[in-house]
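**Q** Please arrange chain F on chain W, whose structure you already have, making use of the hints.
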Amino acid sequence: MPQGRSPILELKEITKAFGGVEALRGVDFALYAGEIHGLVGENGAGKSTLMKIIAGVHPEFSGRFVLDGRETRFRSARDAHAAGVAMVHQELSVAPDLSVAENVFLGAQPTNRFGLVQWRKMAREAGEQLARFGIDVDPMTRLGDLPIGLQQLIEIARVLFSGARIIILDEPTSALSPPEVERLFATLRRLRDEGTGIVFISHFIEDILRISDTVTVFRNGRKVHETEAAATSKAALIEAMIGKGREALEETYAHDITLPPRGDRPVVLKADTLSLARSVQDVSFEVRAGEVLGIYGFMGCGQLELARVLFGKIKPDSGTMLIDGDRKAFGSTAAARRAGVAFVPESRRAMLFHQEPVYKNISISVLDRISALLLKPSRERTIAVRQVEQLQIRPAAVELDLGMLSGGNQQKVALAKWLSYPPRVLVLCEPTRGMDVGAKNDVIHIVRELSAKGLAIIVLSTEPETVLSLADRIIVMKRGAVVREFAGEVVSKDRLLEAA
Amino acid sequence: MATSEGATAAAHRGGQRGIAAILRSQMRNIAPFLTLILLSGFFAIASPSFATLDNLGNILTQVSVTGIIAVGLTFVILCAEIDLSIAAIANVTGIAVAYFTLQESYVNIANVPLPGWAAILLSLALCALLGLVNALGLTVIGIPSFIMTLAMMQIAAGISALLVRGQIAYKVPDLIVTLGSGSIGGIPWIVIVAAVMLLAGHLVLTYTRFGRYVYMVGGNREAAEYSGLNVNLILGSVMVISAVCSGIAGMLGVAHFGSAQQNEFDTYLLDSIAAVVVGGTSLFGGRGGIGNTIVGLFVLGVLNNGLDHVNIDSFLKILIRGLILLAALVINVYAQRLRARAAE
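So the protein lines, in turn, are chains W and F. When you line the first sequence up against this note's numbering, it's residues 1 to 500, in that order. When you line the second sequence up against this note's numbering, it's residues 1001 to 1344, in that order.
Quick caveat, the hints were computed from the structure, so don't treat them as lab data. The reader is advised that the hints may include incorrect statements.
Straight line, CA to CA, 25 Å or less: simulated SDA-like cross-link-like pairs of lysine to any residue [what the hints assert, rightly or not]:
#1 Lys1171/F with Ala1051/F
#2 Lys234/W with Leu209/W
#3 Lys315/W with Val1244/F
#4 Lys315/W with Met1027/F
Okay, the calculated bits of chain F under chain W, using three or more residues with CB under 8 Å as the criterion [as the list claims (entries may be wrong)]:
#5 1197–1209
#6 1214–1222
From the derived model, a few chain W residues whose C-beta atoms are all more than 10 Å from chain F [stated by the list, open to error]:
#7 Glu10
#8 Ala30
#9 Glu128
#10 Arg132
#11 Ser177
#12 Glu180
#13 Glu228
#14 Thr333
#15 Arg349
#16 Gln390
#17 Lys417
Predicted model only: the values in this text are computed from it and were never measured. We treat Cβ as the ideally placed atom computed from N, Cα and C, and that holds for glycine.
One chain only, chain W, in its complex shape (with noise of 0.2 Å):
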């Protein structure tokens, strides 16, 4: 970090709680005109959180807060704006309806003296601004007509022209090809050797080390090492991401998991190819009768949608799906469900019915096999209260509304909709996100007794833990591909990130 000059912005001690839960605690992070800082760290550690406070995003935390040496306390995120700070969110927030320039000029359109948008002032400046970055694009093209990467790029570049003096990027480069990457960060280094201090959030470590000057490394709230980016290396990095047998009480995974051997049961499904716009490209694999097969990546890898390609919510651009060797083009979800795919995904609000009772929720998805044109209510709940034995949910009460379930009870209902005729295949998304300690071993417990019984499961996770602590067999995907497969041999979290 430049030696001899006072940051631009400088936070201490910064703490902040969600509900209880401490998200940061006592932070010090301090950013420097001219420089650009990479943050690094698992989902959860905190980073995202403290730069939603820099932007204004959130107004309420302990700390000092200060900016050009005067504390200062955002509000809003306008008032951050007022003060020369934007950020890139990670979730894409653009209008997809209205037109390039439009976007560009978000909430600060070009107007003359009587209020009026001036819209070939607009267009022209944005389609310059755009040129500068390497886009040439019609500024006057709706945006949701270009391809998602390039609103990516567009609503980056809306943020990076916006004259802010402190910019901030959460994952910025998850939608974006090589190239364009190249793109970005020129411009990212020609913004640093105009003054400007930009944050940098990554879970692509080799981006980071390239593009920072300084990085550092956030755990569970807490900022645990900050280096140069040229005196660190990627192994460094991780081990600080993940605390070594430093914090025994966490279970990190960090030692080595020796996976089987790829097993000699049939195959159930093969995926061959499968290719989806930018999201999936050319994804291949089998799962065997009685595996768990773990799909490991980064947010924005493809994973989900290659999970939605395989319960047939979505229809793939190219490849073939074979279950039990028979070619499948599924035309719906319910067609997936009758050739046996179950499919849980990673939001629980996406899967169950909240103002419904537990047993309404856990029929749903098998009421055409046990009534034909009336109900039977009594076997409904017959079914009900056996699932609900079996997976322990709690309160065992099947006529409870689901949204008075605890978190981790609503997830077990998600797979006991599944479980009263079990499936072929068995998708999860995200099956331990959010949970605690105990609901956390009784979901794997589950899955492990699934697929003791010979179902074929596909696990998809952004954590590593989650695919470490299920799966047989583990790919890994990046940018949409498969990278890398993890078979009979020795894996750990550190490897997995490594092939990420």
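**A** Relative to the frame of chain W, chain F by itself:
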């Protein structure tokens, strides 16, 4: 285990929330019923001719056509969709059944006389077909139901116009005449038909697998899809059901009014939507049912009928109906919010 304790505690709190919370979560059912009682009480006191058996019969007859349309519309709104073509489809089906019936020579329509049963079946096929077009537009093409059925409203009105060309037809098949304007043992057939259809709708929604799917799709469409339900098939079905109910209402309505002509059913669009929503069925889907629709029908029926019994400016009547509808919508949205908060 920590989670189970947490959940038990949550459930326990649920039990202790007491009567106020139960009332709050049931507000969507209680409010329309209270409205009905208050309105009935008010008119009974304000006018001696209101609370009579005769007048009850009047009210029942007056809400029958709306009631038949509202059966299908309840399915649609439970799925969080809307059907604006109900009145136009009722109209075109009523006109079609007259078009296929031999008219008196002074009715100047180039119509195609068929036997009564054929006229009825063809008319039913017509409304089912229009419903199917709605269904395909909504599910296959992905046009929002609001826009799709707005277009269908015009299409159906256009077919009506072409069939009658500004004329009025009077004859419909005998069966339709009986069901639309006849009565048995002093009870009008049209009231019986409406009651039977409302009952059938209730049974389908409550006791069949399809009915459960309707509620689940309305409650959380994404979850229904991730549970492997064929959401498009269910949405398509409710659009067809709605169109067929409207068609039946249209045929009986034509017999009830004694003539088939253009724009005859225009007021039924708002009345039917109002009946379903005033009754407390959620515009966001998944909550409510035929029971609510029946209460809504009576609220509207009592209001329309009662305003005729008290001495009131007939132009003011329209404003009052509008205000009552607004109040019901406010309660509808508010009830949804209360319930969502209770579920958190």
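**Q** Determine for every hint whether it applies to the structure shown.
**A** Outcome of the hint check:
1. Lys1171/F with Ala1051/F: Cα-Cα ~35 Å, so violated.
2. Lys234/W with Leu209/W: holds, 8 Å
3. Lys315/W with Val1244/F: violated, 33 Å
4. Lys315/W with Met1027/F: This hinted pair is violated, its Cα atoms lying about 42 Å apart.
5. 1197–1209: holds (count 3)
6. 1214–1222: holds (count 5)
7. Glu10: holds, 38 Å
8. Ala30: holds, 39 Å
9. Glu128: The assertion about Glu128/W holds, with a minimum of 37 Å to chain F.
10. Arg132: holds, 38 Å
11. Ser177: holds, 29 Å
12. Glu180: Answer for Glu180/W: holds, closest chain F Cβ roughly 31 Å.
13. Glu228: holds, 43 Å
14. Thr333: violated, 5 Å
15. Arg349: violated, 8 Å
16. Gln390: holds, 15 Å
17. Lys417: violated, 7 Å
Hint compliance for this structure: hints 1, 3, 4, 14, 15 and 17 are broken, all remaining hints hold.
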